[in-house]
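The chain contents come next:
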Amino acid sequence: MGIEAALTAEGFATLQLRRVVNWARRSSLWPVPFATACCGIELMGTACSRYDLARFGAEVMRFSPRQADLLIVAGRIAVKMMPVLQRIYEQMSEPKWVISMGACASTGGVFDTYACVQGCDQFIPVDVYVPGCPPRPEQLIEGVMAIQRIVDNDGIPPMGPDGRRIPLGLVVEPTHVVRPQPVGITVGR
Amino acid sequence: MPDTPPVNILDHPTLKVVRDAFPGKRLRATEFRGQSTLIVEPADLHEVLAFLRNDPRCGYNFLSDVAGIDYLNYPAATIGRFAVVYNLACHARDDRFFVKVFLNPSLPTDGNADDPALCVDSACDLWPGAEWPEREVFDMFGIRFRNHPDLRRVLLWEDYPAHPLRKDYPLRGRGEREQYRVVDRASQ
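Chains as they are written, first to last, in our numbering: chain A, 567 to 755; chain B, 3 to 190.
Hint data in this document are derived by calculation from the structure and do not stem from the laboratory.
Beta carbons: idealized from backbone N, C-alpha and C, even for Gly.
Hints should not be assumed to be uniformly reliable.
[To be verified] One-sided and incomplete, this derived list gives chain B residues near chain A with beta-carbon spacing under 10 Å: (1) VAL19; (2) ALA23; (3) TRP159; (4) TYR162; (5) PRO172; (6) ARG176; (7) GLU180; (8) TYR182; (9) VAL185; (10) ASP186.
[What the hints assert, rightly or not] Listed next, the stretches of chain A that the computed footprint assigns to chain B, with coverage defined by at least 3 CB atoms under 8 Å from CB atoms of chain B: (11) 646-658; (12) 666-680; (13) 684-698; (14) 731-738.
Model the full structure from these sequences, guided by the hints.
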């Protein structure tokens with residue numbers, strides 16, 4: 567991650583411990599994918615070789631929440647699924663962050679019905695909201711990088727007046743620009 | 003090809019077989035686009051279904067689906083408020099047949115009260131595959147099935163206070179999706 571350039575010829579470097587810890591934390595965000603819907607497919611695409619989430623140190627998808635520090639909620643959450651999501655969140659050890667990926671996880675999306683949670687931030691803290699239906703991998707990477715920037719600059723975010731950590735509450739701006747297809751598509755004959 | 007297709011031709015061979023086998027029963031039938039439906043009284047349902055499965059002229063060996071219907075605010079007049087439809091199939095003849103019962107509630111339908119009028123005999127002893135579809139009909143419409151081996155909700159959670167596919171139930175629920183415990187950041 568570029569630390570070689572900062573090393574002297576003798577192979578030593580002096581730096582603050584806090585910065586090393588922050589560097590290590592932001593360079594090895596291990597996500598637990600809570601993929602319940604089509605956003606999960608895009609999450610898989612983000613982790614695969616074309617978009618390669620490994621470039622940002624977040625490629626180790628951990629299906630055990632105890633070994634993860636980034637919860638990616640990808641997809642709609644039914645009320646019956648809430649206890650599972652909350653239990654997974656509670657099982658993660660601090661420091662931990664949460665990305666709400668896509669319209670359904672953030673707001674309920676089109677599923678405005680009796681059994682669908684209208685935004686998982688009503689019941690668990692959410693740090694970064696990634697819009698889209700589903701978001702493109704670039705946008706999810708932008709969400710991961712938003713957390714990385716916070717971790718790298720400030721370490722663990724400050725606490726509120728009640729001594730509890732405040733969710734970051736960042737919203738990633740939609741960045742997608744519509745471009746023509748690189749290869750023409752033939753529809754019908 | 004005729005200009006206007008003929009409507010309501012009740013010529014399904016099973017209809018005649020059933021009519022001859024149950025002379026005293028009140029049976030009705032409809033037809034829509036080649037699919038015939040037999041409407042029976044709730045008390046006769048199990049007997050008729052058993053006949054349709056066991057009689058060699060019928061031989062409906064497969065139960066495709068069990069569906070519930072709520073006819074509240076239906077534009078046309080119906081026999082009852084609720085209906086249960088059994089979708090039968092015969093593999094040997096590649097034939098499909100529908101059996102329908104109408105039910106009228108005797109209690110208010112806004113809760114999950116155990117209404118004795120919304121109850122029919124289960125078909126689980128005839129087709130074991132009826133177990134989960136009947137559980138779904140119970141879950142969504144509150145229609146109970148007598149002699150069902152395991153009549154629990156199948157999709158919604160156990161203490162859900164209503165049956166949501168009833169037409170008098172609001173689409174967004176009555177606050178069930180908001181009433182849940184909130185997990186906060188643990189203080190560090």
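Now for the hints, and whether the structure bears them out:
1. Interface restraint check for VAL19(B): the shortest CB-CB distance to chain A comes to about 43 Å, outside 10 Å, so the restraint is violated.
2. At its closest, the beta carbon of ALA23(B) sits 43 Å from a beta carbon of chain A; the interface hint therefore is violated under the 10 Å criterion.
3. Using the Cβ-Cβ criterion of 10 Å, the hint placing TRP159(B) at the interface with chain A is satisfied: the shortest such distance is roughly 5 Å.
4. Interface hint at TYR162(B): satisfied, since its Cβ lies 9 Å from the closest Cβ of chain A, which is below the 10 Å cut-off.
5. A distance limit of 10 Å between C-beta atoms decides the matter here; for PRO172(B) the minimum to chain A is near 7 Å, and the interface restraint holds.
6. A distance limit of 10 Å between C-beta atoms decides the matter here; for ARG176(B) the minimum to chain A is near 8 Å, and the interface restraint holds.
7. Below 10 Å, beta-carbon pairs count as interface contacts, and GLU180(B) has one with chain A at about 7 Å; its hint therefore holds.
8. Given hint, TYR182(B) at the interface with chain A, holds; its Cβ is 5 Å from that chain's nearest Cβ, closer than 10 Å.
9. Checking VAL185(B) against chain A: minimum C-beta separation of about 5 Å stays under 10 Å; hint holds.
10. The criterion of a C-beta within 10 Å of any C-beta in chain A is met by ASP186(B), whose closest approach is roughly 6 Å, and the hint holds.
11. Closer than 8 Å: that is the beta-carbon criterion, and the region 646-658 of chain A has 5 residues meeting it against chain B, so the requirement of 3 holds.
12. Against chain B, the region 666-680 of chain A contributes 3 residues with a C-beta closer than 8 Å to a partner C-beta. That satisfies the three-residue criterion, and the hint holds.
13. Under the rule that three or more residues need a Cβ within less than 8 Å of chain B, the assignment of the region 684-698 of chain A holds, with 5 such residues.
14. Check on the region 731-738 of chain A: 3 of its residues sit with their Cβ under 8 Å from a Cβ of chain B, so the three-residue criterion for coverage holds.
Violated hints for the displayed structure, listed by number in ascending order: 1 and 2.
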